[in-house]
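**Q** For what it's worth, my numbering labels the leading residue of the sequence shown as 9, then goes sequentially.
Restraint-style ranges between C-beta atoms, simulated for each label pair: (1) Ala-57 - Arg-31: 29 to 37 angstroms; (2) Gly-81 - Ala-53: 17 to 25 angstroms; (3) Asp-21 - Ser-85: 18 to 26 angstroms; (4) Ala-95 - Arg-31: 30 to 38 angstroms; (5) Ser-96 - Pro-40: 29 to 37 angstroms; (6) Pro-35 - Leu-71: 14 to 22 angstroms; (7) Ser-65 - Pro-42: 25 to 33 angstroms; (8) Ser-96 - Gly-69: 15 to 23 angstroms; (9) Ala-90 - Glu-37: 15 to 23 angstroms; (10) Leu-36 - Asn-70: 20 to 28 angstroms; (11) Gly-33 - Ala-53: 32 to 40 angstroms; (12) Ser-23 - Asn-70: 26 to 34 angstroms.
Keep in mind that the hints were calculated from the coordinates and are not lab data.
Glycine is no exception: its CB is placed at the ideal position from the N, C-alpha and C atoms.
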Amino acid sequence: MTGGGSGLRLLPDGSAFALRRARAGAPLEAVPVPRQGPSYAEILALLEAAGFERLASAPPGNLTCSLTLRREGQGHSVTWPAGAPPASLAPALAALGADRP
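Could you put the whole structure together from the sequences, leaning on the hints where they help?
**A** Printed below as a string of structure tokens:
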């Protein structure tokens, strides 16, 4: 997150953190939350099926959403205007929605 907003961080060990930032420039807060949705491995499989690491970012909008995958020292991010995610990400985003605090 670069501006204000919220998010979710999932780790391979099964832990989850709610991410919050009050406004641009404010510190990012990571608060542990209980997991309620699919496992990290299940989310990873959905991202791989979507070809996540080959997806390009869309131009930012007034409100921009993002998803980042970091593993083995590498990272890839995809951004899109709110309400217009890449169609191939629909299953992964729906699965992640089960974890929203």
